[in-house]
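What follows is each chain in one-letter form.
Protein chains: 2
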Amino acid sequence: MSAKYPVALTRLIHHLMQLPGIGPKSAVRIAFHILNMPEQSVKDMAEVLIQARNNIAMCKLCSNLSEQEVCSICNDPNRNKNIICVVESPRDVNAIEATHEYNGLYHVLHGVISPLENVGPEELHVHELLERIDQETINEVIIATSPSVEGEATAMFLARLIKPLDIRVTRIAYGIPMGSDLETVDEITLGKALQGRREIL
Amino acid sequence: MSAKYPVALTRLIHHLMQLPGIGPKSAVRIAFHILNMPEQSVKDMAEVLIQARNNIAMCKLCSNLSEQEVCSICNDPNRNKNIICVVESPRDVNAIEATHEYNGLYHVLHGVISPLENVGPEELHVHELLERIDQETINEVIIATSPSVEGEATAMFLARLIKPLDIRVTRIAYGIPMGSDLETVDEITLGKALQGRREIL
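Protein sequences appear in the order of chains F and D. If you use numbering that gives the first Met the number 0, the first sequence corresponds to residues 0 to 200, in order. If you use numbering that gives the first Met the number 0, the second sequence corresponds to residues 0 to 200, in order.
Same shape as in the complex, but just chain F (with noise of 0.2 Å):
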């Protein structure tokens, strides 16, 4: 495909293909579009790579990214300390933290367990979940992993080993999402949300 290309713009081809959702065509675009960039702003894009790449560890408390030893979220004294959500991924955190309707601490957990992809507990940020139950004063924790199998089977594990701690352990509602039409949504959603359903006050 890209065999009359200069090596250098092949090379660069190449690397952008194997980003996520980068396929040949987009590719070739993205290159191009590089070529005709301003040096320094080519610099500046190699240069911020590497700065992300380097400079992100995780909060050694809630394991979420950060750029400090411990979180902007875990450091905020205005914050429910009280209160821990779980969740498989930083990007799960940021989801929550846009609906404004959470103040308490996260705790990610970095995937889930996939007997089929050889994740267990152990490959989770599980055992430092529990240290946190242990040595913090924890009321609640809402485990709001992803409504997939691998996420309800990640959420029945954590449930059984908080509960015997007298943890209050909730899971996310399911239901039907805002604004979609009854006739769209699949039967288990739709089911759950008939399962689920509330009172009107």
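Hints are computed from structural coordinates only; laboratory data are not their basis. Misleading hints may appear alongside valid ones.
[To be verified] In silico DSBU-like links for lysine-lysine, alpha-carbon gap of 30 Å or less:
| id | chain 1 | residue 1 | chain 2 | residue 2 |
| --- | --- | --- | --- | --- |
| 1 | D | K80 | D | K162 |
| 2 | D | K3 | D | K24 |
| 3 | D | K59 | F | K42 |
| 4 | D | K42 | F | K59 |
From a predicted model like this one, the values you see are computed outputs, not experimental measurements.
With the hints as your guide, set chain D onto chain F.
Relative to the frame of chain F, chain D by itself:
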């Protein structure tokens, strides 16, 4: 959206969003992929970016991208040096090379005449084309700009310049794309396909 991500990550996401075809969601996805890449791979990618931007220049003859002063096509002793195919961009060179149907030289205009975007013949590599025609022995100039309004105008403009020099000027054929249905082809293309009909031998 990314208010709660570490600064270095937010910066990376913003840089990625400046690339063509990368929206906020893809940028986040790619950024997380980069965070999980081995440190050396990220360094390599940054290096490749800079290398591509710095090492690739234009062939001094045909204006195609090249790492050398003269590109590999202009330098190839097996190519027919009496015919030039004029294209809009280096990508078009690649597209034509992929057909294995053409063995002549190229000339890359780096754009098309577009009064709306303030691109006149002076902004394109037209002068260099006329110089080549003057200095080399050229029998035919194939104009392979796109069949868009601008591409057509550019083709007409070039034809009027070159024909008086007693050189054969041709335009690539318009017609039905292979494998398509007559029904799904627009009327203008179908009209052009009828006009351009050829006898079956």
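We went through each hint and held it up to the structure:
1. Restraint check for K80(D) and K162(D): the C-alpha separation of about 19 Å stays at or below 30 Å, so the hint holds.
2. Of the supplied pair hints, the one linking K3(D) and K24(D) holds, its CA atoms being roughly 15 Å apart against a limit of 30 Å.
3. Note on K59(D) and K42(F): the hinted pairing holds, with a Cα-Cα distance of about 26 Å set against a maximum of 30 Å.
4. For the hint pairing K42(D) with K59(F), the CA-to-CA distance comes to about 26 Å; that is within 30 Å, so the pair holds.
Checked against the numbered hints given earlier, this structure breaks none of them.
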